[in-house]
Every structure is written in structure tokens, then in C-alpha cells.
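A.B. asks: One-letter residues, chain by chain:
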Amino acid sequence: MDMLAGKVKKTSLNVDSAMNPTDVLERPIRLTARDVTVHYGAKQALHGISIDIPDRAVTAFIGPSGCGKSTFLRCINRMNDTIEGAKVGGTIKLDGEDIYAPALDVVELRARIGMVFQKPNPFPKSIYDNVAYGPRIHGLARNKADLDEIVVSSLRKAGLFEEVKDRLQEPGTGLSGGQQQRLCIARAIAVGPEVILMDEPCSALDPIATAVIEELIDELRENYTIVIVTHSMQQAARVSQRTAFFHLGNLIEQGPTEDIFTNPVNKQTQDYIMGRIG
Amino acid sequence: MNALVVAGVLIVLLGISYQTGWSKSRNLVTADGVKVHSRPQYHGSFTAIWAMIPALVILLLWAWFGGGITHNYTVSQIPQDILVSLDQAGLNGALIRINALASGYGVAGETAPWEQAAGDAVRSFNFLTFAGTLILAVVAGGAGLFYARSQINARLRARNSVERVVNVLLLACSAVAILTTVGIVASLVTEALRFFTFINPIDFFFGTVWAPNNAGGDNHGSYGLLPLLSGTLMITAIAMIVAVPVGLLSAIYLSQYAPKSFRAVAKPLIEILAGIPTIVFGFFALVTVGPFLRDFGNAIGLQISATSALTAGIVMGIMIIPFVSSLSDDIMNQVPRTLRDGAYGLGATQSETIRNVLLPAALPGIVGAFLLAVSRAIGETMIVVLAAGNAPILRGSPFEPVSTITVSIVNQLTGDTDFTGPQSLVGFALGLTLFVVTLCLNIFALYIVRRFREQYE
Amino acid sequence: MATDIQTSPDKSSSERTALIRAGLRRRHLNEQIFRGLGIAAIAIALGFVALLFADVFRKGIPAFVQSNVHLSVTFDAEVIDVGPAPARGDFASDAEYTAASLKWQRDLALLNWNTIVEASLRKAAPEGFEIDSRQIQSIPETNARHQIREMFVRDPSLLGQTVEVDVLASANAANWIKGNINRDLGDAQQQLSPPARQLIDIFVENGTISNGFAWSIFTNVDSRAAPASAGLLGAFVGTLWMMLIVVVLAVPIGVAAAIYLEEFAPKSRLTDLIEVNINNLAAVPSIVFGLLGAAVFINWFHLPISAPLVGGLVLTLMTLPTIIIATRGALMGVSPALRQAALGMGASKTQMVFHHVLPVTFPSILTATILGVAHALGETAPLLLIGMKAFVASVPATPLDQAAALPVQIYLWQGNENRNFFEPRTAAAIMVLLAVMILLNGVAIYLRSRLEKRA
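Protein chains in written order, with the working numbering: chain A, 1 to 278; chain B, 1 to 457; chain C, 1 to 455.
Treat each hint with caution, since some may be false.
Restricting the straight-line Cα-Cα distance to at most 16 Å, the calculated cross-link-like pairs of lysine to aspartate or glutamate (EDC-like) are [claimed, not checked]:
{"no.": "1", "chain 1": "B", "residue 1": "K267", "chain 2": "B", "residue 2": "D218"}
{"no.": "2", "chain 1": "C", "residue 1": "K349", "chain 2": "B", "residue 2": "E163"}
{"no.": "3", "chain 1": "C", "residue 1": "K349", "chain 2": "C", "residue 2": "E263"}
{"no.": "4", "chain 1": "A", "residue 1": "K87", "chain 2": "A", "residue 2": "E162"}
{"no.": "5", "chain 1": "B", "residue 1": "K260", "chain 2": "A", "residue 2": "E84"}
{"no.": "6", "chain 1": "C", "residue 1": "K103", "chain 2": "C", "residue 2": "D90"}
Computed footprint of chain C on chain A, listed as stretches where at least three residues anywhere in the stretch have a Cβ under 8 Å from a Cβ of chain C [stated by the list, open to error]:
{"no.": "7", "segment": "105–111"}
{"no.": "8", "segment": "172–183"}
Just so you know, these hints were derived from the structure itself, not from any lab. Values in this document were obtained by computation on a predicted structure and should not be read as measured data. Each residue gets a CB set at the ideal place from its N, CA and C atoms; glycine is no exception.
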């Protein structure tokens, strides 16, 4: 697969190199997946996915619905463990450490790899408690002042603080959809993850809220490694540096985003981008 | 015997009328080629309905008024001079003897000539009226049959008529539920009001002494509700202390932790508890749990009565466990999965997710479920009748015998009293109290649960 | 925004990892504790199920054994001196024959049959065993004399003959034999006199008394005078009558009401009211239905007290909401596709419901009905209020006769003063009740699985 990635890079001939700064893949690799398979009972949902995810960049997974992109995303922080009958094969390494190793603590892993979900899912608690929840359970704050600081800075990073600073004690469910989703991002950031997984974070939002979130993702990439699943190619093009195209449980093609969109190698990728599949 | 004859006649009438309509309808089809609106079985049913309704109306009228007419006739057969000498009891006795003679069973002892004569007269009267009513019913049914038959033609919308009748019947059936409520409210309120003509409502609702004088007479005794209410609440509280943690935790374990195979076995096993009649729990409390608690108390130097609020409360709690657990299970399943995913995604352990996210999210629904359980505990009867000790005294210790509202209803209404004094009527005042309390709890609980469900829909 | 990020007091990632790791042990321990609590709760709930069944069975099984006394009874002509039984041929009319026959039986009833029982007991006792008349008669149940008299009424030719008869040992004797009473208690606390106890032991030794299966529980009616012969037949038939009434009334009315509300009723305030009303009715305490029965059926309509008819009506009203709710649930589950298919073929709404929807839901309705009836079967409290706690020693021939019911019989037996004898018998009655309920539930499950497979 490394070879494939290289090949993709090389075939992107007609992309202006000025428009395409050095491929982010040349940055340190945080996550490497090799031959990842997932079975739900007798049904195989993923067939041997291998991919490298670079540090402090946005990697987008695209593909028609049911292609396995979300399933793969959920493998990265082992959310599939919570689904009865799901079986994951292959290896995924975070900084060279196998995340499916028996000795690894999944609680610790998920603190390092945060997740934002398709539908905003704030807990039925106050805005403050939503953000403070992660630091609290993980014991990240030594005292109340510490916790306040984490909450405020997380809300700031999620670009929500100014909007909610006067009503931190009100329920998080009272916010608008876009605000709720930013609250969920703040909640994920508060734990201080290295990687943030986003599973179609804008699919339940209106265009304006979507634009705000996309802007936010672009800012976050300075400090976090982000993997985003999206069914919107425009979104992938706007926010990501690298894109991987999934189809029917297979990883069809991956490469710098611009290459994938302007000069896909694979016929299926081309069809999808042209709107012929999906 | 008479009932059998009537039933037989009605069945024959039903069969004939249906057959009549059906065959006429068949002939319609063969006679002319016009498209017939309804199928033959609808014409049959149409005719049958027209035949049965008049017949049934006449039979019902007789069932309603016949008793009174026969009674008056029977009284009129008693010679005047004897009639004036009889008091109410004597008259009843005489009527029973006459009816016994009329029915042919005979009576003990010698019969007076007038008794024999009256018996014979009543016998022939009964026969004539019975036969007359039956013939009248058959004639009316026949008339309906012929009218309906004459109506049958290709264009008759028999199906629509039949369906309208079916609809009305269905509506009548669902009205039974309303009638039941009306009946409950009417009977409780009227009888309770009669009770309050004897006892001041303030003395009832706020009285602290429960000591009905069941012997009768002018001194009715005192009817203070508070000792019963305190007993009821104490037992309910104990029951909830047992049922809520056990029920809730087992629901959590079964729905969140247990492997499928374990869940498939354990869930129905726990639900067996819900199917066991309460009298069985009462027996279990009385002969096993009570003595055990008493001995246990002795062992640790605590005076626990074998029949006590504790005994009844614990066993009632056991009874309610499946109720609490299946309702909580149901409620927790309504909490969307994404909420749990949110917590797992932050690195929360399973128990943290359940305690911090799932339970708070499900809390309103679970509270509703608990209120339903409380209402059930308050209204439970047999366990407390057997195991609470029946001591209607206001006291605070759960280790001593108490009494409850339901126990006192059972004690005061033995079934053979004629609801004339406060001794038995108090049962209805207690019942009204019970009904209002449980109704409020239920309405409130169902409202909460419904609001909760809508929240996640 | 960018400055925010730079100035934010982020801990380094390794510092954070250290903090998280420090808490992990405690958190995983909490996880184990919480899981343990769940298992404990299940264990408690299942433990109670097991304990309850084990307790009832342990207490009840001995009651299915009864002690019989084998006697050779001599129908002593000196005691039975009432003349020959009247024969039909000697009388001109049926009425005269009946009168004479009744008189003969009355004369028989006045005889002292105890002397015959006593004589046969003494025959079985060792030669010269000293025991007085009252003491020796405490060994057989008091109905032994009726049993022997009935034998004679049926067959007057027994006069002067000796026949082998099994009679029941008395409740006190049975307690002594089965060890229901502590044998070491002093004479004052024993219900039987010392010679009677001694003789019973001799009888057990020599085979005069032996144990057998207690068919009497199933074939006899309740009895107070002769507790050892008390059985469940009357209560069982009373319960059957009530179940019959519930099935005949509650099922059609309940299903019809559900069909109306789910399929035909216009969405209006009235139907909303009916709906709320039914939901609440389902949660009304059962004893309130008893009050309804006492006031409306007995006090206002003057229906007979203690009759299965009234009990059946009360249980019907109580069961109706359950059946309506379950049937509505089943109807709601029918796919709209089926409905549209039926309507699309030109079926009227009534035809759609009765020809297509109802048959599909039949298994669930049947199951719900059986479960509802099973629940009604075990209900006790409302029956007490309509007079069913009266002692009834007969099998109700019609639903208008006085009757007991199985759960009420349990209530009556648990209150009997002769605890040593009636506690096992109550447990046995509970076993019968539970068996009937388990049977009904089993039938429901079996039928559902069969019908669903076929559908």
C-alpha cells in the first residue's frame, strides 16, 4: 500500500506543484493501518485496509454510503468493541504501538484518540459539565480552577466560548445544532487527544453551521491529527490534505486530496467523483 | 332449562334467517346478470341481524321486567287475609315456598292449601309467560326476517349495513372500558358519601385512631385513616428500597453487560416472579420470610415481629423487582446509542458511561417507572393481608406489625354485609382514597414516561 | 483564535498520559465493582425465584402423601337396625318411594356409626391394648363414619358382612406419622393422647396405617370437620367457571374494543379519553375491582354472593384492559403494506381488518389472552370482597352457586388453626395453582411458536 501511495503521488502530473506544497505524507506518520478487516457476524464489512495517516493534517475518507469508511474510522479508536459480534483483524498502530494489543488499555487509547459523531450528541448535562466530563473521568484537572481553565480553553478552541460564556450552566441540549456539534468538538478536545476522528460531523447541520465547523477543522489541524469521514466531496476537498476513497469495504485509492479530485487513477474513484456511484 | 330452550330457539332463528338471505342472494345472481352489490354472506348476515334484533329486544325486555311482573303476580296469589298477617321476612319466606312448589322441587313440611294453589297458579303463569314471550320473540324475529328478505335485491348495499352494525358493536365493546371506570367511580363515590353521613370526613382523613366497632349499635367506633396510611407508606417505602436497586441493577446488567445467551435465560426467569400470584408471595412471607426475620432479629438482638412492615415490605419488593427491571430496561433502550458512543469516544469506561450518561439521560423515564411501581405497591393486597400483622396503630418502627388501607378494606368488607353501617361502608371510603392516590400516581407516571419517549423520538 | 491556541495551558501529551494512567487502576476497579453489583442483583432476583419455589415445594410435597387406615369393617346388624331399604316395587308412586327412601336414609344418619368404626379399629389393635373410645376415634378422620354409611346406603346388602375399607387417618394422626409435630413435646402440647400416639405407631408398624398418594386433594371438596379430607375440587371447579366467564366475555369484548380503537375509531377527544382511560384502568389496584363488584353486582344488581358468576364478571373487567392493550399492540405491529394490499384489491375496511389483519395477529392475541387469563386465575383480593372467603364445601354445579376459587382456598387454608397440617396442604394447593399457571403459560408459548412458524 505504501507503494500504491507513492504511485498515486507520481501520477499526479498535471497538478501545479506551487498549488500543492510538499505532500503531508512526508510529515511524521501517526497512524499506520495494515490489512485491517472487520466482520459483523458472518458479514465482512472491510477487506484488508492499509493506510498511513500523517501528523497534524486532515485526512478525509470518502465513498458512497455503506462503503466501510465509518467502520474503518471506528476501528481506529476501537469503538467497534462496543458493538456485539464485531471482529477486527489486521494491525493498527498509533506511534508504532499496536492499539489492538491485549495489554493496551482501551480507555487510555480513546483519551488519546478523540471522536466526534455524525449527530451532535451532547450529554443531558450543562454546557460546562459536557466539556468537563472527559477531564473529570480521566483526572486531568487538579482542582476547580484547573478544570475551569480546561473548559474555557477547549470552548475557545472549538470557537464556541464567546457564544456560550454567559450560560455555561445551561443544558447543552438547548444549543443549536451547529453549536451542539462544536460543543462535542470542545468536549473531545478537553481530554487533550492527539488524534480526532470525525464521523460525518456536518451531515446533520445546515450550510452555515457546516461552514463554521469546516473553518474550525482547518484551524484545529495546526495542533491535531484529524481523520474525517464525509459523504460530501466538496467538504473533503475544502478541509483535507489527503483523501482516501472507499468502496464496498475496500480502500480503492488514496493520495493528496488535490490529486484524488483532479486526477484519480482508479476508474471507480473517477466514477464516484463524477457522481456516477453513490 | 329455560335458558337452553331460549338459546336453542335463537340459534335456530339465526340459522334460518341467515340461510334465507343467503339463498335469496344466490338466486339473484342466477336470475339476472346484473352485478350484485354485496356477496351472499352479507345478505345472509343482513337478514340474520334483522331477525335477531327484534327477538333479542323482546327477550331482554322480559328479562328486565319479567321478574317484577312475576313477583307481583305471585304476591297477588296469596290470599288477602294471610298477606296482611305477614311481615317482610314472612312474605319472603312465603314467596320462596310458593316458588319452590311452582318449580316442582317441593318443600319441607306440610303445605297449606293456599300455598299449593298459589304454587300451581304461579307454575302455570310461569309457563304461559315464558311460552308467550318466546312465541312473541319468534314472531317478531320472523317479521324482521321477512322484511329483510323483501329488501334483498341486486342493488341493496347489504355489506355496508352489516358493517355499520359491526362497527356499532365494536364501539359498544370499547365503551365497556369507559363504563368500568364510570362504575368504579360511581360505586366508590356513592358508597363513600354514605359513609361520610356517618363519619365526618375530617375525622376520617385526619383521624389517628382506627378502631371500628364491628359489633354494630350506635357507637360506630373511630375510623382514622392515618394509621393505615402510615402503614401503607412504610411498607411501600421498604418495598421500593428492595426493588429499586435490585431491579435497576439487574436491568443494567442484563441490557449492558450480559452476553446474549445469559440474557435469554435470566430475563424470563426473573419475569417468572411477575407471574406468581400475590397470594403465593403472601404465604411465602408468612411462613418463611417472617419467621426468618424474627430469628435473625433475635440473633442480632433486635426485636422483629414475624409479621411486620419489614416482612411485608421485603416480600413486596421481591414481587416488584421484575416490574422495575423490565420497565427500566425498556426505558434505557430508548436512550439513543449515540449518547453512549459519545462517552465511550471520550474514553469513559462502561460503568462510567452507564452511571454518568445513560442513567441521567434515562432518569425521567425511570422515575416514571418507579412511580408506577409505587402505585402497584400501594394497591397490593394479599401480601399485606397475610404478612403485615394487621395492627392498625400509628407507629414508626418497621419491625412491628402494621395495617394498610387494603388490609382494612378486606377486613371491613367481608362480603356478607349489606352496606348499611359505617363498618362496611368505610371500605368504599378507603377504596376511594386508594383509587385517587393510585390514579394520580399513574397519570403522572404515564405522563412522564410519554414525555420521555417523545424526547428521543 | 490562533493566539488562543498558542497561549492555552495545554499540558504536554506525556504529562496527560501519566495522569490518565494514574487513574486507570481505580477506574477499572470501579468498573469491576459496578459489574459485580449487577451480577449480585441478578443473583438476588434469581435466588428469590429459586428460594420461593424450593420453599413451596419442600413444604408442599409431603402433603401429597396421605395416611390411610385399612380397616375390616363389619356392618353389625345390631347397630344398623333400621329395617331393609325401601324398594320401588312396594310403593304406588314415585313420590311415596322417594319419601320412604329419604326417611330410611335419615334413620341411617341417626345411627351411631362411630361404634362400627371403633370396633374395626379395636380389631386391628393388639389384643388387650388399653385405650378409651374418644382416644381411639381420634385416629381416623371424622368423615370415616360418613364414608362407611355411604357404602351401606349404596349397597344395603352389606348388612352383617365384613369388608375391607380404607379410611383417612385424622389430621392430627397424619401430623404424628409424618413428623409435622415435634415428637418430644410434652403431653400437654400434643394434640393426641399418649395411647392414641402409641397405637398409631403400632398401626404403622403392622401395616394397618400406610401412606399413599393423596388423591383426596384432587377429588374432595374443602372440609373443616374432617381436615384430612379437605381437597381442592370445589375451588378448582369454581375457578374453572370463572375462567370460562372471563374467556367468554373478556376475550371477544377486549379484542373487539382493540379493533375498534386501533382500526376504526376516528382520532377524537373521545377516543383519546378512552385510550387514557384504558391505560389507567390497567393500573388500578385489583382490590378496587372487588369493591366495584361488591357495590354494583351484589348490592345494586343483587347477584348472588360468593358466586363464580360475580367473580368471573369482576375478573373480566379487570382483565379487559390487559387484553385490549396487548391486542392493540399486535394490531399496531401489522405492516402497512398488508393493509394497503388488501384495500388496494377493493376490500372494505371491515374486510381488511377481519380477513387480513386479524388472522396475522392471531398468535399474539392468543398469547396475550392466555397470559391475561392466567393472571386473573391467580387473583385473590377482589374475590374476597364479593364474599368468596366464605367456607364452601360443595362443587358448584352452575356459576350461580356458592363457590371457592383456588387462590381463595389457599387464603382460607393458610388461616386454618391446625397449622401443622394445613401449612403443607396450603403449599400443596399453591403447587397446584402454580402448575395450572405454568401449564397455561407453556400452552401460550407453545401455541405462539407453532402459529408463528406456520404463518
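A.B. asks: Hint by hint, which ones does this structure get wrong, listed from lowest number up?
C.D. replies: 1, 4, 8
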